[in-house]
Structure formats: structure tokens, C-alpha cells
Amino acid sequence: MNRKIGRALVVGGGISGIRAALDLAETGYGVTLIDHSPHIGGILSQLDVQFPTNHCGMCKMLPLVERDAASQFCLRKGLFHENIDILLNTDVSAVDGEPGNFTVSLREKPTWVDPRLCVGCGVCEEVCPVDVPDAFNEGLSTRKAIYLPVPHNIPNAYVIDLPSCTHCGECERVCPTDAIRLQADRRKEFRILVVDDEQIVRDSLKAWLEDEDFSVDTAESGPAALEKLAGTTVHLMLTDIKMPGMDGVELLKAAREVAPDLCVLMMTAYATVETAVEAMKIGAEDYLVKPFDPEQMIPKVVTVYEHLEAGKTRQLDVGAIVFCGGTDYFHPADEKNVYGYNTHPGVMTSLEFERVLSGTGPSGGRLVRPHDGKPVEKIAWLQCVGSRDVQSNADFCSSICCMVAIKEAMLARERGNGRTETAIFYMDMRTFGKPFQRYRDQAEKTHGVRFERGRVHSVHPAGESGDPLIRYVRLDGSTHDERFDLVILAVGQRPSKGTREIAELTDIPLNTWGFVQTDPFLPARTDKPGLVVGGSYSGLKDISESVICASAASLEASRVIHAAGGSLAVESPPEPEMRDVSREHPKVLAALCTCSGRYAQRLDVEGIADRLERDPCVDQVLTLNQCCTTAGWEQLAEAAKEANPNRILIGACHPYLFIEQLRELARHIHLDAALMDVVDIMSPVISAGSRLKDNSEGPDESPVRSLQTSALEMALSRLRHLNPVPAPTVDVTRRALVIGGGIAGMHGALAIADHGYPVDLVEQDDRLGGNLHWLSRTIDGQSTRPLLEETVQQIEKHPHIDVHLGSRVADAFGEVGQFHTTLETGDGEVNTVSHGAVLLATGGTEAPASEYGYGTSEAIVTQMELESRITENAFDPTAVASVVMIQCVGSREEPRNYCSRVCCPTSLKQMLYLKQANPDIAIYVLYRDMMACGFTESYFTEARRQGVMFIQYSPEEKPDVHLLQSDDYPVEVSAFDPVLGRPVEIGADLLVLATGVVPRLPENLARFYGAGIDTDGFFDEAESKWRPVDSLKEGVFACGLALSPRSIPDSIATAGAAAQRCLRILSHERMKTGKVVSAVRHSLCSLCERCIETCPYNARSLPADLGRVAVNPAMCQGCGECASVCPNSASVVHGFSDPQMFDVIDAALESAL
Amino acid sequence: MAKTAQIDVKDNDLLGALRDLFRAVLAQDAIQAILVPRRLPMKNGVMPTLITDPEQLDGADPLAPAFPINGAKVVSRLTRKASGGKVAAVMRPCEIRAFIELVKLNQGRTEDLVIIGVDCLGAYRNTDYTRWVGDDMDEATRKFVTGVLGGGGGAADGVDLAPACQVCEQPVPRGADIAVGLFGMDTDKRVLLEALTPAGEALSEGLRYKKADPPLPRRKEIDRLVAERTAARDTMFAETHEATDSLEKLTGYLANCVNCYNCRVACPVCYCRECVFVTDVFDHEPVQYLRWADQKGLIKMPTDTVFYHITRLAHMSTACVGCGQCSNACPNDIPVMELFRSIAHRTQLGFEYEAGRSLEEKPPLSEFREEEYPEVVGI
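One line per chain: the protein sequences are F and E, in this order. For the first sequence, the tail end lands on 1153 under our numbering, and the numbers increase by one without skipping. For the second sequence, the tail end lands on 10379 under our numbering, and the numbers increase by one without skipping.
A few of these clues could be false.
[Claimed, not checked] Okay, derived cross-link-like pairs now, EDC-like style, lysine to aspartate or glutamate, Cα gap no bigger than 20 Å in a straight line:
| # | chain 1 | residue 1 | chain 2 | residue 2 |
| --- | --- | --- | --- | --- |
| 1 | F | Lys300 | F | Asp213 |
| 2 | F | Lys242 | F | Glu274 |
| 3 | E | Lys10296 | F | Asp1105 |
| 4 | E | Lys10043 | E | Asp10061 |
| 5 | E | Lys10296 | F | Glu274 |
| 6 | E | Lys10081 | F | Glu1089 |
| 7 | E | Lys10362 | F | Asp1105 |
| 8 | E | Lys10300 | F | Asp1105 |
| 9 | E | Lys10249 | E | Glu10239 |
| 10 | E | Lys10362 | F | Asp615 |
| 11 | F | Lys587 | E | Glu10285 |
| 12 | F | Lys60 | E | Asp10061 |
| 13 | F | Lys228 | F | Glu274 |
| 14 | F | Lys497 | F | Glu108 |
| 15 | F | Lys242 | F | Asp203 |
| 16 | E | Lys10300 | E | Glu10285 |
| 17 | F | Lys253 | F | Glu220 |
| 18 | F | Lys528 | F | Glu504 |
| 19 | E | Lys10300 | F | Glu1150 |
| 20 | F | Lys300 | F | Asp161 |
| 21 | F | Lys445 | E | Glu10371 |
| 22 | F | Lys300 | F | Glu170 |
| 23 | F | Lys797 | F | Asp766 |
| 24 | E | Lys10081 | F | Asp1105 |
| 25 | E | Lys10210 | E | Asp10011 |
| 26 | E | Lys10296 | F | Asp615 |
| 27 | E | Lys10189 | E | Glu10239 |
Hints are computed from structural coordinates only; laboratory data are not their basis.
Can you build the whole structure from these sequences, using the hints too?
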């Protein structure tokens, strides 16, 4: 693998952090991925399946180029990539330096369990006396103070939750591998000074803290405290804010002069919380709110103590930092009595319900109420809890909750075999993504989910049963009561915890609601160059958008590193030459770890060695004292050097921890690491150990040994038949073709060219800019003119971009790395370009209008026509008195059954413009669901505040438009107003039709490159969530409106993401594919072509000139479908030969018999 | 011309009328050769024969109860690539169905082919036929045809139809271009000629036979026969199930197998150039045999016999047309056909597929359906 200059730090190991890290690693950068928590995966580790597939599929994000650099298993279980270092329990504590050259301080929280030694046996958990709510299950179950953060990690090490640990030492005593080292308790040496003018506060705090073994001193005033600080060492000061004389803030300032490193916690009454927040800006660590609850206060102090105790920081030099901190979720308990949450056990959040649905949840996936185990037959979802709610400071739409609720309802119906009644109570069903509307229709029509438009007034316990009773109001004002078994609050998103701290460390600004404020047009950039933002850290995104933003962020990070000299275009160091062992008989060196004799009674090393030696392939069996130590490993390396084996088999623990060491050994003895394998022989011993505790009769060795030998013999069988072929490579033409010169295409071209790779940018028009020519402003008031002009200027000046105006693609062929495209100008001039990747940015346009009298009157216009008139100053808002806007014209119903996403914001933009220009104008909006997603919601709120009338209509009862002959108004619109409960007629000077977006992706163009087109004519992504800009055919990407309807910044984000995907390919001179690719044994092949039909990646073909089946190794993903349809194994997958698999199965069954 | 015509039989000579038909076909400009079961010149047997000389059609005998090979394999060889000329092939219904499967697997083409189907009267086991036929082959065929069409089943001289034919519920050639109808006809006087495809229509137009509607008793006779066969088939399924419903019973059922692989050589839809069982995949290391023996104290040789049949079932049961050549080919009288047909019936039902029904239906493994077998895939 090419070693590139340059390293990036990715902060946050959720889905976007993983995406960003993988993107950068795949282009060759070193990446450090840190996460605050003890596991990666973020919120997705708690969710089993996602909309709209109702499956997972996270593994589809694993590298497709140089696949062998990464682990190839379930991504929820873990990630290993040779370019990615993962640091868990780690936070950023300081950032210094400048773009391209930052120094970051990282602070790692101790967990007191050594992950290299912990084998996950769980003995510690059994003896731990502490029970606390399990955050993984959203508090629906309990866990111990020593626990597995997630149930499915590989390797899965226990961690200790320090604030809840009582230091009883039981776990340390029973741990069979000595993995736990509880720190010597130094609380006695930790001195706390409590400053408060009230005796009772001082005394009670002193008593509580001393109970926790801390040393506590007190002072009754600021000056007294300063005196004590001068005299003795104090580690932590708790100070009241409101004190006579010197107040807490003054004391803080003075104290920091005496003791600059002193940690201070402010104590405040509710009224002075703002002062406490101010105090944090001048150095206070945190604040505590009076009156104190020791349950909450003590852990806070303990956390500070642990933090100070740990204090272990490390420095890291990186070129750029990608912040992927994700979001948190609104917690109803923090607010006053939200729909009976916390007081009524039948009310839970949507996240909690995800856990109820999960197989690893509190009920193992059975649909029962957690509090009483009653089977759930009727569920209600209440939307917009903590979203679209000015009172909870959330004048935004969280964008994901509608889809989450639909998904949960469908899963609940499925789980209950269709008998579970499900109802979603909502204001607007915001199905704004490309496949979302059809998903909703499917939920309603096929799955029988009930959608109830209305606002829920309250939730109360119903009569005797105590089940939640919902009182809700329909649009017509009627009130209804309905009983449910469970009420799910679809909770919205909130800025992730720690966002403020990061903002303070880095000076990145936050927006009104505390999310990271990004550039208005470039959603990955902040106003601090080199500090970029991916995923939902900047607010309110679903997985697909998060992943797009993460890739866009890694692109921006790469740009910064590249500009600072961390070039992508470095020559690769020569790969170490490996011995060709393909013609040798297998000669296996087996090594067994004895773990220092720790399990002498249960680990029969000699017996196992005997078994292995019986195999003629095994040259010798070595025993190692402890192969995880340097000494142990060197012993193995020595033996390997001496015996010169061509296969190495190691029996030890933690196979995944040896990956790097095996690679090192491979370089050392010139034997491909693929010919070495580590087998876990300790787990059977250890789990037998925990079983044996109840069984005093003594260990029964045989099952343990047979598990070990069968695991070893399986690996031996695998190795014996292995004939490692070097991963095939594919030549790459390091040049890109971008088709479409709109804003997305231009940004994609710039992003690639900025990395030094030439780009051909093709535009059929005679100028660049696309839709930006008729747009003038965005909804947030940004003028798009400078964006257009600056971008075009950059393109024209760029030395690496060739612009082909007035040109179109006449023909193209080829595969990843080697595409050849014929361009043709209007004059018939022909020009062929070769390129390694292609970016389809062919854009889209406003859908044509045909309904509501369009074309019969000047007064009936589309949104685009209105926008153009405004841009050209050809529209006088003061000359109109009444405007009607109809949303979803021909949209969100078959055949165009998708939401175009931009039309509601455009209407809001236009109505606010009209209102500003002429406040007396009457505006009526006829809508189905206002798709004011994300922060756009605030403009919806503003429009209502300014008196715009919103009238809801249903597709079954569409408005009518008549032309009037009278002088008053040219047009009359009649509709049924569900709030008034009667038809209304509105006269209008202007009727604006929101027709939505249609893509412009010519079928033949897609066919040239092997890209798919979906039913609506958009680019068909490989996977809408995990590979949102890729085609299934490698090397073909799309961005902008060709991909799906989206706003300017969203289009630019997709351009960044797609460019980043191209860079993965262009950064290689020869692209290495995976070792596990398929091949054809031509002498056996009957040319039935089933393999070609079945290959999902179009990697197989039967070229007429060749007369036999060919495989493109760069497109083949090694899935093995071709091998499974081939009856006589003429189609094979390298590394999985039939004889090998038979042998492995035999070895596995041997012990079972 | 109507789609059905009648061929007059002169002097009660049914075979003669069919030979005239074949000569007429061969005389067409478009047809270069005709493939038809024909008596062997030097032995009293019948084999598919490619004929260009009309005189050689004197020996054509498509009605003899001889079925030494499933002709689909032969036709596949003739049509795998363009041959430069058009061939008319006289085939039994099960041969046509097998050929349709082979076309779907790119082992044959229909472009240069006209299929002439004949109502199938069934056939004897290979060994039975040779023993039974005697020297007067005309008389033997006549006796057989009279026996079958006269309602006496196949049992002429106490010889039964082959087991596969006894349970064959598709004796009428559906996938042919033109079909000769015998059931329900007064075959001493006339038989039916049906054009089933545009190519068949074009051909029969040139043959100038007299247009005629199928006589009423024909449909009734076919229905009766199919019902009878279906009942026999279901009885066979039940008996086979009873004989093989555990691994022990199945092992016993196949106990006489010696890995001669004749059944897959005879199988018309086993299309692999080289069966996986004769490749290096089953070239076990000598140490492996010892290990296996070591596990249970014994291992029967040759190994992989049950495995072989199960694998062949996995590969071919969705394409099995029930022609019975596997049983015909078995030297040890294993009822292979019964097992394959039973399994094939269920697998084909499972995929809503019927081998040989249509060229349009993709074989189950070549088609991806997202919502399929939820109870198996667990999603």
C-alpha cells in the first residue's frame, strides 16, 4: 500500500466518522479515529435495521479498492484498516497550529481493563455488585459497573464505568487473565475545597464527599478560600456563585491566578445558571445546580477526579481534523412532563423502542412492554417531540423522525404478524428523500400502518388498566380519546454532547441551536480552514446525508492536507518480495501459546500438539510461553526463520490483535501474511472455566480439547489448500471525466483537479452554471450570483481542468481505471478522452406543469418562472394583492411519486420575499405536507408569523383552478379547507405551481458507463444509505440533481463525496483489487453464462473475440455468487476452493462426531 | 391454412404415412437435413440419425418403443453454434423439454431448427427392447402401436413400458413447431398435424396437407391418459418418499451405486463439460481416507456416492424433465428416475418453475426475486 504523507484526525466513530476515516484511508492517508465512548458505531450500534430497506448493510461501506487493507466482516462488530488507528474513550483536549499542520492533544479515559488481556469471559460481570441502567438499552435494562459497551464487538473487551464503580475489587480478584487493574485508590490524596457561605451546604457536601473517601476542606467566603489555596495543594474547588463580598466568579478569577491548573466546579441556584455558563468561559470546568441531589452530584465530582487522575494526554500531528460528533437525541425527561414520559411506564422514546425491537434488547426482540411484559398489540407514535417546537428551543425539524416512526411501525406490524395496530400521529409526514414517499405509501397501503394527522393534546393512564390514553385533536377540531399499549415519542435530534467544548477549543462557531455552523454553500467547511465537519454534527441528517457529508468532509480534509504538501501523488515504496510457495508442498509451523501455564489443568497443549503432529503437512509444533509478549513473539519469529515453513498456524487468543504483527513477520521472513493464521484456542478454556464454577466435580477436558483441536484443524485445512495469488491490479488512467457543468459538476471537477489530477469537464450548454443562472438567492438570503461567478472563474483558471463547452458524450466504453469517451461538439468535432473514473453531474430541471390551468393564463406560473422574473427584476410584488401557491403539482403521486425536496423551501423563500416587498400581500399555500426539513422549519414558522395562510389538501381532493373574467382577479382557486371544514374560494393575481424536480440523465449516457437508472430517471445508487453516490459498477459516480432532488449546498456536498470516491481510484497508479476475486477454469467451463447473469457487479462478460468468460478483478467483489451457480466449479473464488472447504468442514465435523 | 391438418394413412400403414411426412419435410427448400429415430442398418436397434438422403427415411421409426438416448443431447450438439443449414428434428415430448432447458443454458439454439413432435406412446427399457424386438421390426412397432393405442397400455408380450413412461403425464409435444397427433385418432386412417409456432405454420403450409379440426375424442383421450398417468405418478412419489425419507433410507436406496456416473452421462440436462465429481475437487488426499475411517472405524468405498446424487439433485432437479434415461443407464438397477422426479417435482413447484415449459422462463438460479422464501432466508 502506498504510504502517503499526511495524517488526518477524525473525531467521532459513528457512521460518518467511519465513512470519513475509510475515505481518507482508502486514498492513502494515515487516519486516527477517536471516539469518546468505548466503542465505534455511534447510534447505529443500537439500531438493528434502517429505512428504507428495513435491513442493515453497513458492511457495504467497507473498502472496494485495496479491500485486503481492511477487515471484511460486519462493520457493526468492528473495523480494522491498516491505515486507521482507532482510539476509544478518547477526547480532544487541545488543538493548536494551522491548516495542514495541527497539533492535537488527546486525552484518553482509563477503563482499568487492559483490552489486550481481556478475553471477554464475563466472570467479572458475575461478581460485580453494582447495578446501573444500561445505556446501550436506553435504560430499559440494567448492567454492572464492569460491562460490555456493546454486545457484538470483535474483540469484545469489558470496560469499567468508573463513576459507578465501588472499588470493591471483586472483579480484579476473579479475572483469569489479570486484565483488570483497579487503580490504587488515591481519593484520600485528592483534596477538595468547598466554598459556600451557608454552613449547611458546606457540611453536607463535606459529609457526602468524605463518604466517597475524598479529603475535604471548607471555606465560608472567597477570601478565606484564597487563603487556603495559598497554603495547601487543592485539586478541586467547589464554589458557590452568590456569596456576600467576593462572589464565585471573582473567586474563580483570583484563584486561577494563584493556582492556574486548579479545577473549579461552580455551584449555582437555577436562577444564576447563566452566570455559571459564563464562568465556564473563563475556566470553570462545569457547574452543579442546587439544590443538590447526591445521586447526581457525586458522579460529577468523581468524573472530574477520574479526569484529573487519568490526565494522560498524547500529542498528534495531523494535517486536518474531521469532526463527526453526530447528534444526541432530545430527552423528554429533561423537560417538564412531556406526554407523561417518566411518569407513565407505557410511554417511551423511539430510541427505547428500537431497543425493544432489537434481538439484543431487553426482551430479546419480543414485542412486549418492558415494565410489565404484556404483549404489545396497539402502539402510537407521537411525532415532533422535541422538534418543530419553539418552546423547547427547537424551531427546526429533525428530519429523520418521520421515517424512523414509519420504519418502527412496519417492524412492529411484521413482528406482531400483522396483528399489531400501529398509528402515527403527525403534523406533516416529511418523506423528503428519494425513496421515502413510496416507503410511506407502502407502510400505509401494504402494511396497514395508520397515519393520523392531528396534534396529541395529552397522554393519561386509562381507567383500571392504566394503559396510556391519548387525547388528540383532528384537523377539523374534533377531540378523540384512544387507548394504546405503548406510546412512542419520536424524539428529535439535539447537538451532540461536547459540541460546545469542541467549539470552545477550536473557535468553530455554533448556530442558534448549538449545532456546528458550516459554510452556507459548502456544508463540510467551517470558517476555520482545516477543521471540517462531517455527518450530522452540523445538524439533522439521516444516514445517507450523513455519509455524503462525511465523504464531502474527508474531501475537504484531503484538500487541506494536499495543499500543505501532503500529496496524494507519491510513488509507492517497493512491495517486499514474497516467496513463491505455490509449487512447494505445504510445510506448516504450528505454534501454541500456553499463556504462561495459567490454564495448565484445562489447556492440554501436549495433547493438541500430538494431534497436529499427526498431520503430514505439519513440520513442527512449537509451544510459546506467552505469544502476546515481545519475547514470545520473537521466539516464534526465530523459529520461523530457522524452519523456513511455508505456512504458519498459531493457537493463541485474540486473532484480530495479531494482524499488524503478522504483516511485520511476513516482511521479515518473506512469506505472505495470508499464509499465516491465528486461532483462538483460549475462549473454550475460559468459558469452560466459568461453567466449571458450579460444577465441583472437576473439569471434563474432552469437549474443551476437541473444540480447540477442531478450530486448529479447520485453520490447518484452510492453510493447507491455500495458494495465495497476489491481488490482481488494474492500470489507472489518472484523469477524471465530469459530465455536466452545473454547480455540482463544477465542484466535483475542482475537487479532483485540486489534488493534481487532470479533469475533463463536459457541458452541453455553451456556458457553465446550469440552474444557477436562473436562481438568485437561497432561502437563507445568500446570493447565488457570487457563488456562480467565483466557481466559474476558478474552473477557468484551473491548470488541470479542460472545459468542453457545447459538447456531449457520443459514446463511451471501458471499466474502472480505463474508460474511453468520445466527445462531440455541436459542429460534429470529435474528441476522445481516456479517464480512470467518471462523475455524472448531468443535473435536473423543473418538472413541466400540465395541471391547474397552466398555460391558459399569464397569471399561472411555475416556481422557476417566478424566480426568473424576480431575478430579472421583471416582477413587481406591489402590483399583486393575492398570491396562491400550490405544492406537490404532479409530485408525490404516481408516476412521479417522490418528494422534490426543494419546492417547499422555494415557496417559503418566495413568500417571505413577497411579504418583505409588500407586507399587505395575501398569500395562500395549498400543500399536502410542508417539507420544511432541518433548519428550514424556522422559515415556515416565520411565514406563519407573517400571516401566510397554509391550507392542507389531500391528493384525493385536489384544488380546482378557474380563470375569471372579472376585473378583480384573473384566477380563482377553490379547495376544501379541513380546518374550517368547508370549501373555500380564493381569488389570486398570481398562482404559483410547485412542480418539483425531474432529472436529466440520458439513458444512453448511463448505459455507456453501466450505471443504473431508477424508475423516476434518477441515477440508481449502489445503496441509498451506505454507498449514496456510487454506481454498482465501480468507477462510476453521480452527484447533484442527477442523483436526487436537493438544494445547492446539498448538491455541492454530493459533488465532494463523489469526487472523494473518484480520488480513491485516481490516487493509485495501479489499483490493487482484493485477493478474494473470482476466476474461471476454462477447461471446465461449458459457457452456460449463468455466472454472467448472476454477477451483481457486472464483473463478468463473454467477449465475442475471446470466446470465453472473462472476469474484471477490479469490479469483482468476491461475493461468490458466480461460484455458487456454477455446477462444476468452473467458476471459483480465490482462497475458497472446493477441496479446501470440504477439508475445513471435515475438520469442523470431526470434533462433533 | 388452418393450424391443424390431417394426414391420411393409406393401407393402414401409419409408419408409412409418417415417413411420407418426413420426406415432404426434407423436400422443403429450407430444410437441409432431418434428424429422426431410424433403424440401424446392421442391428435391430433404433438410434437418432441425421438424414439428408430421402431414401434413407425408409428406415425411420419414430414409434418404436426404443429410447436409447435422450435426443436433446444430440440436438444440442447440432445447434450449439450456427451450422449453415436448417435441421428438422423429430423428438419425443421429454426430449423437447430437455432441449428447451439446454437452450436456456446456452447449450443449444433454436434459430436453425424445426422441431417435429410426435404424440409419445412411450418406450421400453433399453434391455427390454433389445430382448423383445426380434427381427421383424415393422411388425414389432405395429404390434406396440396397436397395443398402446388400442388401450392395452404398453404391455405387448408382457413387456411393460419403462417406469418413467408409466408415470409420464406429458405425452403430448407442447414445445414443438409442428406436432403429429395420434391419441384419440383413428390411426389406421388418419393422424393430426398441428402447427404450434409461426415457424411450424410456415413449414406445414409448404406440406399442403388437408385442413381439418381435431376430432372430439382426442381431447378426451388425452385427458384420460394424463389423469391415469398423474395418478400413477403420485403413487410413485408416495412410494419413493416412503423409501427415502431419512438419511439411512436414502443411503440404502442408493447403496448399489458404484460411481460409474452413467446416470449423469445419460441425463440430457446434465450439461457440464466435465462433471465436478471427476475433477480434482474430489481427488481426496490419501490421508483423508484414513482420517475418515478413523472417525467411525470404517468407511465404505467408493466414497461420495450419496453426496454425488444429492449434488446432482441440487444442480439438476430444477431442470429435470423426467425422461428416465438415468434409470435406463444404471447398471445396478437403482431407481434413479423415481428419486429425481420426486425431488424435481417439489423443487420446481417451489420456484414456480417447470422444466421445459417455456423458453421465456429463466432457470430459478438465474433469476433474483427479492421476496422469495422469507422463511428460509429469515428476512
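Numbered hints the structure breaks, given as an ascending list: 3, 5, 7, 8, 10, 12, 13, 22 and 27
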